[in-house]
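Residue numbers (this note's numbering), protein chains in the order written: chain A, 0 to 377; chain B, 0 to 377; chain C, 0 to 377; chain D, 0 to 377.
Since the hints were made in silico from the structure, they are not lab data.
If you're wondering where the values come from, they're calculated on a predicted model, not measured in any experiment.
It is possible that some hints are incorrect.
Said to hold, decoys possible - These stretches of chain A come out as covered by chain D in the derived footprint (C-beta under 8 Å, 3 or more residues): (1) 15-28; (2) 266-276; (3) 302-314.
C-beta: ideal position from N, C-alpha, C; glycine also.
4 protein chains.
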Amino acid sequence: MGMVGGGRDAFIGAVHRMAANLDGQIELVAGAFSSDPEKSRLSGEDLLLDPARVYGDFEQMARGEAALPEDRRIDFVAIVTPNHMHFPVAKCFLEAGFHVVCDKPMTFNVEEAVELMRIVSQAGKVFALTHNYTGYPMVKEARQMVRDGKLGKVLKVVAEYPQGWLIRDIDAEGQKQAAWRTDPAKAGASSCIGDIGTHAENLGRYITGLQLEAVCADFTSFVSGRRLEDDGNLLVRYKGGAKGVLYASQVSVGEENSLMIRVYGDKASLEWRQEYPNDLIVKYPDAPRQLLRRGNPYLSAEANRFNRIPPGHPEAFIEAFANIYLEAARAIRDAINGVSDAGPYDFPTVDDGLEGMLFIETAVASAKANAWTPFRRP
Amino acid sequence: MGMVGGGRDAFIGAVHRMAANLDGQIELVAGAFSSDPEKSRLSGEDLLLDPARVYGDFEQMARGEAALPEDRRIDFVAIVTPNHMHFPVAKCFLEAGFHVVCDKPMTFNVEEAVELMRIVSQAGKVFALTHNYTGYPMVKEARQMVRDGKLGKVLKVVAEYPQGWLIRDIDAEGQKQAAWRTDPAKAGASSCIGDIGTHAENLGRYITGLQLEAVCADFTSFVSGRRLEDDGNLLVRYKGGAKGVLYASQVSVGEENSLMIRVYGDKASLEWRQEYPNDLIVKYPDAPRQLLRRGNPYLSAEANRFNRIPPGHPEAFIEAFANIYLEAARAIRDAINGVSDAGPYDFPTVDDGLEGMLFIETAVASAKANAWTPFRRP
Amino acid sequence: MGMVGGGRDAFIGAVHRMAANLDGQIELVAGAFSSDPEKSRLSGEDLLLDPARVYGDFEQMARGEAALPEDRRIDFVAIVTPNHMHFPVAKCFLEAGFHVVCDKPMTFNVEEAVELMRIVSQAGKVFALTHNYTGYPMVKEARQMVRDGKLGKVLKVVAEYPQGWLIRDIDAEGQKQAAWRTDPAKAGASSCIGDIGTHAENLGRYITGLQLEAVCADFTSFVSGRRLEDDGNLLVRYKGGAKGVLYASQVSVGEENSLMIRVYGDKASLEWRQEYPNDLIVKYPDAPRQLLRRGNPYLSAEANRFNRIPPGHPEAFIEAFANIYLEAARAIRDAINGVSDAGPYDFPTVDDGLEGMLFIETAVASAKANAWTPFRRP
Amino acid sequence: MGMVGGGRDAFIGAVHRMAANLDGQIELVAGAFSSDPEKSRLSGEDLLLDPARVYGDFEQMARGEAALPEDRRIDFVAIVTPNHMHFPVAKCFLEAGFHVVCDKPMTFNVEEAVELMRIVSQAGKVFALTHNYTGYPMVKEARQMVRDGKLGKVLKVVAEYPQGWLIRDIDAEGQKQAAWRTDPAKAGASSCIGDIGTHAENLGRYITGLQLEAVCADFTSFVSGRRLEDDGNLLVRYKGGAKGVLYASQVSVGEENSLMIRVYGDKASLEWRQEYPNDLIVKYPDAPRQLLRRGNPYLSAEANRFNRIPPGHPEAFIEAFANIYLEAARAIRDAINGVSDAGPYDFPTVDDGLEGMLFIETAVASAKANAWTPFRRP
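Model the full assembly from the supplied sequences, consistent with the hints where possible.
Structure follows, in structure tokens:
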């Protein structure tokens with residue numbers, strides 16, 4: 000694979016590389032790691048890459064790789080830049096004939112998302128979006144339980160993602176991760192909801208299959224001077240009558256990455272926390288609570304095909320991320336080999352990306368209007 | 000003490016009696032335990048009371064007790080009826096010269112609450128409202144931490160109270176506890192928020208001292224045919240800029256009494272769950288998370304004056320309830336003895352009751368209007 | 000009831016009184032609260048007792064109460080003195096015709112235990128020993144599960160009771176609770192194992208019904224100058240082939256009263272912690288782990304007849320203690336009323352007390368011999 | 000690197016490969032994956048290796064690799080065979096001039112361990128033993144806390160490793176992992192203690208630095224017909240006076256890989272569980288309990304140099320395993336580059352392996368003798 004973004008100092012690029020490495024199926028061979036060509040070059044050195052395939056910018060890379068013989072060029076590119084660069088990079092590589100794995104949120108705005116959807120469809124290439132939390136086996140188990148009707152009708156979803164890292168004004172201090180995430184020109188119309196609220200939304204949709212109908216959002220910038228919200232609370236309504244509470248925060252002091260989801264059905268309920276991802280709690284109206292643990296034979300095949308090690312030996316974030324890569328790689332391999340009946344593949348797609356962008360923009364609109372705001376899907 | 004309500008089959012009356020018994024300072028000597036005189040009589044027998052002091056109705060009881068010599072009559076009455084009877088009973092006993100301990104929510108509506116406030120003030124009697132969760136020592140510790148500035152400025156409150164017991168339509172089946180709670184004529188304008196959401200509101204206010212400014216509520220009756228909401232989700236805004244999420248449910252399958260509150264300050268954050276009440280978690284931006292445990296010398300005097308047993312030996316619901324009684328009894332004793340400088344007393348008052356009724360009515364109004372609704376305080 | 004011991008400064012006496020008060024069935028009316036008559040008198044005042052029934056010593060009390068008309072005298076006495084006084088007080092009251100509730104360990108040594116067993120049998124009175132942890136509903140559920148064969152054959156028991164309060168040499172500093180517990184003349188041949196190890200032993204036996212066959216003990220006095228062990232580790236073997244690990248400590252820094260038991264069967268396993276007593280974890284070889292919670296309809300009748308409040312509202316230490324009192328009171332009431340067919344009663348008896356003393360003495364012998372030591376039952 | 004063992008069906012070989020892959024620093028290029036040459040060949044195919052470097056047996060491999068030019072041959076071999084093959088393979092590769100990473104327990108018996116120690120020393124090569132649990136960052140933090148004196152003097156260690164997978168007689172049914180682990184000819188003198196008890200021993204020693212002085216072991220084969228113990232309980236004594244309890248089981252129904260260690264000092268205590276490895280609990284005599292979480296700046300440099308991702312994003316088993324590889328690879332690289340002053344390296348060595356074998360043999364001897372048994376170090 001090749002990579003765009005993810006140079007020295009970047010966080011998510013390194014995660015993508017570990018996820019890709021883990022199972023020994025994917026090899027990083029090319030990259031444009033930074034908008035600064037020198038930094039890109041040095042990052043390539045760190046990664047022991049052939050200097051000829053470390054590019055100064057992404058367009059150069061797309062051209063350069065496309066010019067290589069088919070069996071030597073990259074199969075796909077992983078896009079790990081700040082949000083505003085997702086669309087142009089994805090467009091460029093898709094149009095150059097490459098498959099794409101892209102970090103979330105998918106684009107800068109809904110308009111780009113709609114356009115990207117068109118491009119993906121036209122290119123006929125694989126496009127995978129790394130909503131990585133859906134890679135956890137116990138999240139897959141949760142989805143399967145809903146699909147199997149074990150929860151009955153889903154009535155309510157409570158999804159939350161509190162973090163605390165932005166309570167200090169580290170964006171103003173120039174911390175790189177903080178700076179771009181709170182800069183409207185790079186992050187888009189939202190910081191907190193765009194960066195992590197969208198994970199909560201995606202997770203709820205992945206598990207329940209429900210689509211949002213309307214939201215009522217309350218956004219706050221608790222750290223003064225911050226241009227985008229660092230805290231967002233939402234009431235949500237799903238098509239079909241389910242209700243929900245969804246909130247995210249970057250200023251919830253002492254929280255790390257405390258993504259949690261609870262799904263309440265009329266027969267049973269689920270609870271899952273990403274900080275303790277090998278556990279899935281199931282609650283019943285009239286039977287003991289259950290603790291389902293990753294890797295056990297009593298879980299569904301959908302969860303268990305993503306196991307690497309026995310139950311009790313915890314798997315975690317990188318493995319979940321790698322599961323997205325495994326499925327994307329499977330789809331890409333099948334596409335390359337002309338296999339067309341091996342799906343479905345279990346990774347987030349351009350449709351999920353569009354839905355995520357709609358969620359962000361509807362939330363932003365609701366927060367501005369101070370009112371319930373319906374989804375308008377294109 | 001005397002008791003109105005709490006006959007056979009009642010739940011909360013028995014809790015009040017255990018709470019009153021626990022410390023050997025309060026003795027139940029009289030009661031009107033049911034609107035059905037025969038049932039009242041039988042309940043009195045169960046409790047080994049003097050039949051002469053088991054009354055057929057509360058007015059009879061107020062008259063009967065007032066007619067006894069001062070050293071033989073009850074000092075106060077505990078009101079444990081369904082909501083619609085709180086006001087008339089409280090009014091009757093206050094006007095007859097008795098102190099009152101009353102279950103929550105205080106009255107049937109705001110109008111009654113305002114009137115009761117006037118009556119309490121005029122009577123010069125003690126009025127204690129059993130928002131019992133504020134009786135837990137670790138909740139008191141939480142409040143003290145906020146007061147001592149350990150959390151810094153409070154930014155956000157997340158308070159939730161999910162239960163699951165009403166997922167079956169047991170109100171229609173005639174289960175007594177369920178039936179009155181979902182009957183607008185007995186419970187008032189709200190079921191779920193009135194019964195348990197109000198506890199979450201009260202708990203947040205007790206700990207933070209913050210007052211609500213506006214709410215946006217989404218109410219649902221998930222069980223068909225139910226006349227009041229069995230699920231309520233709220234976004235809330237506090238005076239001074241803090242934000243919050245507050246929700247309650249009676250149809251969250253598998254939840255028991257999972258009241259939880261998280262308070263986020265700009266220096267530290269708190270987390271407390273009533274199902275594990277001896278633990279208080281404190282989170283910091285740059286130091287290890289702490290687990291504070293009831294009964295330890297490192298806690299504040301405000302928490303520790305309510306200990307009965309050493310740390311590690313759990314105290315729980317009944318003890319917390321008894322703490323409300325202990326403080327109310329102290330206030331009543333001081334009032335009887337003419338001691339006027341022994342306060343403050345740590346129990347919920349008629350002011351808390353009014354605030355609770357305002358919360359309920361504002362939430363109901365917001366849910367109807369489908370919009371943010373400001374508090375209008377009388 | 001009457002009480003011997005439990006004056007000002009005492010810990011366990013107050014617990015006994017709260018346990019007895021809680022359900023409004025038992026009234027404290029007499030006592031010899033201290034070996035110091037003045038202190039006894041003052042304690043009686045604190046408790047608002049009739050001064051005529053506050054005695055200077057226990058023998059006086061036994062005589063005094065026996066001299067009262069039958070309908071005015073106490074029905075039973077609660078013995079809450081240091082260990083060395085259990086036997087003489089119990090003997091005195093049993094022989095004076097009173098029922099007895101006695102704190103644990105039952106006596107000072109096995110010899111006294113055997114003798115007490117004889118006296119109880121001869122007196123034909125109720126004798127209840129407050130191994131209070133067996134009063135927890137979820138412990139009763141655990142026992143019922145074993146009895147119902149849900150665990151299959153019990154293979155292994157791991158019981159532990161670490162405390163940390165004696166890491167400082169507070170016994171030398173004169174802290175009263177510490178001083179007598181580490182004094183061989185008052186506590187007996189063991190401190191840590193006698194005070195709390197014996198609870199672990201009793202709990203294991205209560206749940207599994209298994210009897211010990213041999214132990215190998217390692218005792219340590221970590222705090223220098225302490226005359227009895229403050230830490231004891233044991234390997235144990237049960238009749239029938241089950242094995243176990245049992246340990247207790249008073250110097251496990253930071254532990255409070257962390258009694259925990261795990262019982263492993265060949266079909267399922269159990270885990271229970273007294274610090275979180277409303278939870279019982281059940282583990283299966285091939286099914287999800289279960290969390291059983293107090294008060295739910297899915298529990299056995301044996302557990303549920305001890306509920307006071309709905310599930311999710313935690314019950315705790317005092318309630319468990321009160322459950323021992325409830326059952327002892329039921330037995331005493333039945334004895335008084337000549338009811339002979341209402342058992343079995345669920346409280347620890349003189350047989351449990353003897354077994355506990357055998358456990359202590361066998362452990363002490365093993366620690367001295369530095370070798371496996373078999374039980375020799377009289 | 001090259002690998003011996005770890006063909007299709009093997010568990011630990013795959014783990015070693017993922018651990019080696021994760022950070023993109025190590026590449027698997029050769030192997031003898033099975034004692035069955037055909038199976039070795041197929042495994043090599045699965046792994047996309049050059050068939051020329053997939054060998055039929057380990058001796059062939061050592062010769063073959065040694066014959067390659069220095070810049071093309073493997074730098075080290077990873078040995079992931081059953082126990083009885085560790086020594087011959089390690090000997091062979093060390094003598095052929097390769098560094099070695101070897102699974103635990105190090106050898107079949109103490110005699111081999113002593114001999115291996117000699118060989119390693121003579122060869123002057125790196126020898127790393129994969130006691131992988133010491134790779135967890137929070138275990139490293141625990142060690143650093145002990146080293147920094149934060150626990151004061153260590154008084155007691157409680158280490159346990161219950162599993163439940165062997166409750167069914169799957170060894171007799173031919174399950175491969177079970178079969179060799181319970182076969183004295185392949186596993187050695189012990190099954191349960193040799194396989195997992197040794198992890199508990201190693202973990203205790205890693206954190207505390209204490210050496211065992213004597214043990215009293217009780218071994219049981221609960222599943223009838225099993226030739227080695229499937230459950231082992233030990234009391235242990237450390238040099239310098241600390242005491243301990245150590246147990247392991249393969250028949251603790253419902254346990255997965257529940258390795259837990261508690262270390263009690265006279266100033267503070269530690270608790271760590273491998274199933275929730277990002278948490279380290281620290282307990283104090285007179286301050287709130289702390290929860291230390293992986294990746295936070297308040298941790299020691301010794302822990303934090305092993306982080307890959309931010310706090311709250313869990314790392315787990317494979318990452319910990321990879322940390323052993325990272326350190327071993329660093330040592331190997333330094334050895335290759337002639338760097339001699341870059342240590343210390345944080346991985347288990349041949350000394351740890353010898354200590355582990357001594358532990359196993361002393362435990363076996365104690366269980367046979369039914370008595371306390373001192374360590375006799377060569």
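Inset, instruction - Identify every previously stated hint that the structure contradicts and give their numbers, smallest first. - result: none
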